[in-house]
Amino acid sequence: MIPKFDAYYTNLHSSFIVFEKYLEFLKNEFLNGYILIEGNNKRNFMFMYEGEGQACLIAEKSGYKKTNPVHFSAALTPDAFISAYRCGHQQVDFFSNAHTAKMVYNNLSSDIINPAKLIDRCCTDNFTGYIEAGNGPESKRMYIYFHNGGILGTMNISDNEGVFESNTKESTIQDKILNTSINLFKLSKDIRDTQKDREQLILCYEQIFQMLEDRAAGKDFSSIWRKCALDLSDTFVFLDPFAGEFNYKYRQIDIWEKINIKTAIHGIDKLVGMIAKQLAVPEGDIKAVKNNHIEILADYEIRH
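In terms of our numbering, the sequence shown is residues 339 to 642.
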């Protein structure tokens, strides 16, 4: 269902790639699109928006399943191949939600349903999803993608090896899905429980702060973390100790609720790293705490 787009790099063998540097390169290129890892009969996707990692998906027989950057990187086996494809913001937004697809209609015959009326209905209902049409094996299928009622594009596997087409005429689409079996899938936004995420992430870094405070052993820990926070405040403004948006007191972290949680956690992660260096606390001690929260940290792209 996820098509190919303009190729940026294709079929790079994993043995030639330092993957962390490759990701950093694509980030610096502000890539819009996705990275594809293929190996062991599996296909893993990482979508990127202006170079920033978005959803990671794995293709399964039952559809797409959301995973996280840790599992995505683990797919880079010695015999894997890596490709990168470029597309627009709208396509990134659409296809990164492929795992939310729910079947609305199954196995409708175009002898029974009018393809033109089905397409018109998808448009008038501001539908976001796709039509899957075809007979027989998957290699013969065609996909018509809709975003907020507009035809985003199509993909015809048998005609063009699964490349996305953005300018297919509606009359051509109607002709191609005549005499086929039709499935209709609806996509929805992937909505996280951000409050629950916030609580779990704060708990992780409270535990790290508490460990660092215990290691301070008689030093003025409040002065140490505040100086480090001030040093980082040019990049993470909320860390400015005089702004009142972040505090650590009575062994608890307090963050102003309007601060974006992803921004906050990346800033706090830098902060605890700087404090640890000041106190000569080994990185491994921080990693030991993070290992208890590895899934949620990976979802927010915290490397450790």
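I should point out that these hints are in silico values taken from the structure, not numbers from a laboratory.
Predicted model only: the values in this text are computed from it and were never measured.
Some hints could be false.
[What the hints assert, rightly or not] Per label pair, the in silico range of CB-to-CB distance:
| id | residue 1 | residue 2 | range |
| --- | --- | --- | --- |
| 1 | S353 | N486 | 41 to 49 Å |
| 2 | V575 | G487 | 34 to 42 Å |
| 3 | Q590 | D417 | 32 to 40 Å |
| 4 | Q538 | Y588 | 42 to 50 Å |
| 5 | E388 | D592 | 29 to 37 Å |
| 6 | F354 | S400 | 27 to 35 Å |
| 7 | I632 | V442 | 31 to 39 Å |
[Claimed, not checked] Capping the alpha-carbon separation at 27 Å, the derived lysine-lysine pairs in DSS-like fashion look like this:
| id | residue 1 | residue 2 |
| --- | --- | --- |
| 8 | K404 | K514 |
| 9 | K359 | K600 |
| 10 | K600 | K365 |
| 11 | K440 | K534 |
| 12 | K514 | K534 |
Cβ atoms here follow ideal geometry from the backbone N, Cα and C, with glycine treated the same way.
Structure-based check of each hint:
no.	hint	result
1	S353 to N486: 41 to 49 Å	43 Å, holds
2	V575 to G487: 34 to 42 Å	39 Å, holds
3	Q590 to D417: 32 to 40 Å	48 Å, violated
4	Q538 to Y588: 42 to 50 Å	20 Å, violated
5	E388 to D592: 29 to 37 Å	31 Å, holds
6	F354 to S400: 27 to 35 Å	33 Å, holds
7	I632 to V442: 31 to 39 Å	36 Å, holds
8	K404 to K514	31 Å, violated
9	K359 to K600	22 Å, holds
10	K600 to K365	17 Å, holds
11	K440 to K534	25 Å, holds
12	K514 to K534	46 Å, violated
Checked against the numbered hints listed earlier, the structure breaks hints 3, 4, 8 and 12; every other hint is satisfied.
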